[in-house]
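**Q** Chains as they are written, first to last, in my numbering: chain A, 1 to 206; chain R, 1 to 206; chain Y, 1 to 206.
In short, the hints are calculated from the structure, not lab data.
Please read all numbers here as calculations on a predicted model, not as lab measurements.
Hints are not guaranteed to be accurate.
[Claimed, not checked] When the alpha-carbon atoms are kept at most 27 Å apart in a straight line, the in silico DSSO-like pairs for lysine-lysine are as follows:
#1 R:Lys104 / Y:Lys178
#2 A:Lys159 / A:Lys176
#3 A:Lys178 / A:Lys42
#4 A:Lys21 / R:Lys193
[Unchecked claim] Taking CB as the label site, the calculated pair distances span:
#5 R:Glu173 / Y:Arg134: 50 to 60 Å
#6 R:Val105 / A:Met136: 32 to 42 Å
#7 R:Glu173 / A:Ala110: 37 to 47 Å
#8 R:Glu50 / A:Asp14: 46 to 56 Å
#9 A:Asp14 / R:Leu203: 31 to 41 Å
#10 A:Ala36 / R:Asp166: 14 to 24 Å
#11 R:Asp56 / Y:Asp14: 29 to 39 Å
#12 R:Asp77 / A:Asp128: 49 to 59 Å
#13 Y:Asn151 / R:Glu179: 18 to 28 Å
#14 A:Arg158 / R:Ser140: 39 to 49 Å
[What the hints assert, rightly or not] Here chain A is said to cover these stretches of chain Y; the calculated rule only asks that three of the stretch's residues, wherever they fall, bring their Cβ under 8 Å from a Cβ of chain A:
#15 105-118
#16 136-144
No residue lacks a Cβ here, since even glycine has one placed at the ideal position from N, Cα and C.
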Amino acid sequence: MRLRLTPRDTTFFDLFAASAKHLVTGANLLGEMLGADRPTRKEIGKAIAEAEHAADDATHTIMRRLNQTFVTPFDRDDIYNLASSLDDCMDYMDEAADLIVLYKVDELPARVSDQVQVLQRAAELTADAMPRLRSMDSLSEYWVEVNRLENQADKIHRKLLAQMFDEIADPIELMKLKEIVEKLEDAADAFEKVANTVETIALKES
Amino acid sequence: MRLRLTPRDTTFFDLFAASAKHLVTGANLLGEMLGADRPTRKEIGKAIAEAEHAADDATHTIMRRLNQTFVTPFDRDDIYNLASSLDDCMDYMDEAADLIVLYKVDELPARVSDQVQVLQRAAELTADAMPRLRSMDSLSEYWVEVNRLENQADKIHRKLLAQMFDEIADPIELMKLKEIVEKLEDAADAFEKVANTVETIALKES
Amino acid sequence: MRLRLTPRDTTFFDLFAASAKHLVTGANLLGEMLGADRPTRKEIGKAIAEAEHAADDATHTIMRRLNQTFVTPFDRDDIYNLASSLDDCMDYMDEAADLIVLYKVDELPARVSDQVQVLQRAAELTADAMPRLRSMDSLSEYWVEVNRLENQADKIHRKLLAQMFDEIADPIELMKLKEIVEKLEDAADAFEKVANTVETIALKES
């Protein structure tokens with residue numbers, strides 16, 4: 001551990017933890033949405049949008065504090081990157097949910113559930129890891145596991161793409177599903193970016 | 001206001017103002033393009049491309065000066081972000097105009113005009129705000145209004161998407177229009193990013 | 001040249017050169033893929049994925065070293081930007097190759113070869129330029145030429161888009177080809193971003 005010559009603003013840790021908790025809420029609601037009927041999906045979509053707003057507020061609070069704080073617990077760039085990549089995770093999940101409702105999609109391919117399960121697991125791991133930024137305790141297990149999950153998400157995504165292009169004859173249906181599936185893949189990538197930023201922070205602290 | 005210990009290069013302000021003026025030109029030309037016939041659209045497309053080149057030159061001048069100037073009026077990162085997000089606004093408007101011509105689109109849905117009107121208003125507000133960066137005068141009204149406009153753009157975009165998927169049966173026509181409409185939405189997002197960067201700068205100066 | 005007060009870690013130069021060599025391998029394999037039959041394409045796809053993994057390892061090594069090195073040969077941000085844009089070049093070429101295999105595309109339009117030839121030339125120029133970062137020798141020729149190539153790629157891409165929308169009646173075939181062609185265009189943009197970063201570095205050093 002580096003010697004600290006100055007007291008540091010510790011509330012950044014709480015803000016990151018709060019932000020990551022919204023991701024767990026969002027990912028779980030997305031999981032519920034898949035099995036629901038159309039009116040229920042609309043309701044769940046609203047709840048995800050609320051989680052997205054809450055996450056957005058958390059990001060804005062972090063950014064504002066970052067711009068007004070002289071001494072920060074990590075490099076300013078890393079705080080900025082961590083806040084924006086956490087925000088991206090939520091945005092992509094919210095966009096996927098929004099498109100499921102907007103496009104009035106009836107049935108989603110079974111592998112979409114696999115994609116969402118990976119996101120739920122990544123969200124839980126991220127929410128568990130954020131409070132450990134304070135002590136830098138056992139973070140490597142977190143980022144290794146999220147990288148593994150992203151590889152898994154990538155494989156599911158490629159299989160899903162190949163399957164959809166083989167099986168769906170209606171091009172408009174294909175366009176809709178492809179866009180939803182890509183937002184979910186973007187969300188998995190964003191979780192990996194969070195993990196990579198945590199790795200960067202931990203390396204600098206070691 | 002922070003005490004200035006060193007003289008600062010003020011020409012950055014002029015360069016930002018010049019860059020934002022090209023956005024007004026571009027957005028207004030885009031508005032004209034919508035109602036025009038196909039040969040006129042091609043002419044207007046060339047004029048937008050010229051505005052895009054001029055904006056590009058302004059961005060390059062800012063970046064070059066940034067790399068060769070020791071004392072800057074704001075944080076280097078904020079100058080960089082402001083210049084690149086101004087550039088993005090223009091790029092997306094230019095790409096939308098280019099696709100309208102390239103895809104030989106005949107009729108655009110009425111809501112596309114609503115999208116472009118939001119961009120015209122955002123461009124005017126941005127061009128008005130840039131010279132006020134020098135004095136940091138009444139900038140909050142600007143960023144609050146641009147954020148409101150981006151919300152409005154987002155709602156128009158979602159309604160447009162739903163409508164297009166309901167009403168357009170030809171998948172290739174749908175692909176073309178969807179791409180154009182998304183570039184316009186990207187432009188609205190880019191204007192919001194400009195406003196957010198200005199907010200960041202103002203917060204640091206306050 | 002600026003006076004160096006401290007010895008600098010020179011291995012960054014070797015790492016950038018190594019990273020750029022993988023781009024040459026990748027671009028040339030992509031060229032071979034276009035003319036090959038479907039089983040051979042699959043084999044070549046695997047070889048490109050290997051080049052992508054090797055490039056990925058090089059990027060990680062650069063990033064790790066960057067986070068653990070106090071004195072760097074250029075600004076940290078420029079090293080970061082150079083490493084990530086080199087990585088992007090490879091990622092887009094790998095994604096294009098992957099989609100050619102995944103979508104079981106039979107015939108690619110002739111202009112796709114023109115796109116790939118531009119990428120092969122850009123990769124060679126980039127690999128030649130990286131070792132010259134040490135001496136800052138004749139780099140301007142490199143970035144001017146890559147900017148010219150990107151303009152050429154852009155023109156090919158636009159002609160290809162217009163042609164595909166004119167000639168391909170099957171919307172699903174069009175979706176597949178459009179996505180591949182866009183990844184190749186993204187790769188050309190990424191090579192330009194590498195060149196722009198080198199220009200930034202050279203300007204600061206001059």
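**Q** Hint by hint, note whether the structure agrees.
**A** Okay, the hints, checked on the actual structure:
1. R:Lys104 / Y:Lys178: This hinted pair holds, its Cα atoms lying about 17 Å apart.
2. A:Lys159 / A:Lys176: 17 Å, holds
3. A:Lys178 / A:Lys42: Given pair Lys178 (chain A), Lys42 (chain A) holds - Cα atoms ~20 Å apart, limit 27 Å.
4. A:Lys21 / R:Lys193: Holds: Lys21 (chain A) and Lys193 (chain R) sit about 26 Å apart, inside 27 Å.
5. R:Glu173 / Y:Arg134: 50 to 60 Å: 54 Å, holds
6. R:Val105 / A:Met136: 32 to 42 Å: Cβ of Val105 (chain R) to Cβ of Met136 (chain A): about 55 Å, so the range 32 to 42 Å is violated.
7. R:Glu173 / A:Ala110: 37 to 47 Å: Cβ of Glu173 (chain R) to Cβ of Ala110 (chain A): about 31 Å, so the range 37 to 47 Å is violated.
8. R:Glu50 / A:Asp14: 46 to 56 Å: 51 Å, holds
9. A:Asp14 / R:Leu203: 31 to 41 Å: Given range 31 to 41 Å: violated, Cβ gap about 21 Å.
10. A:Ala36 / R:Asp166: 14 to 24 Å: 22 Å, holds
11. R:Asp56 / Y:Asp14: 29 to 39 Å: 34 Å, holds
12. R:Asp77 / A:Asp128: 49 to 59 Å: Distance hint for Asp77 (chain R), Asp128 (chain A) is violated at roughly 31 Å.
13. Y:Asn151 / R:Glu179: 18 to 28 Å: Between Asn151 (chain Y) and Glu179 (chain R), where Cβ atoms are some 22 Å apart, the hint holds.
14. A:Arg158 / R:Ser140: 39 to 49 Å: 47 Å, holds
15. 105-118: violated (count 0)
16. 136-144: violated (count 0)
Checked against the numbered hints above, the structure breaks hints 6, 7, 9, 12, 15, 16 and satisfies the rest.
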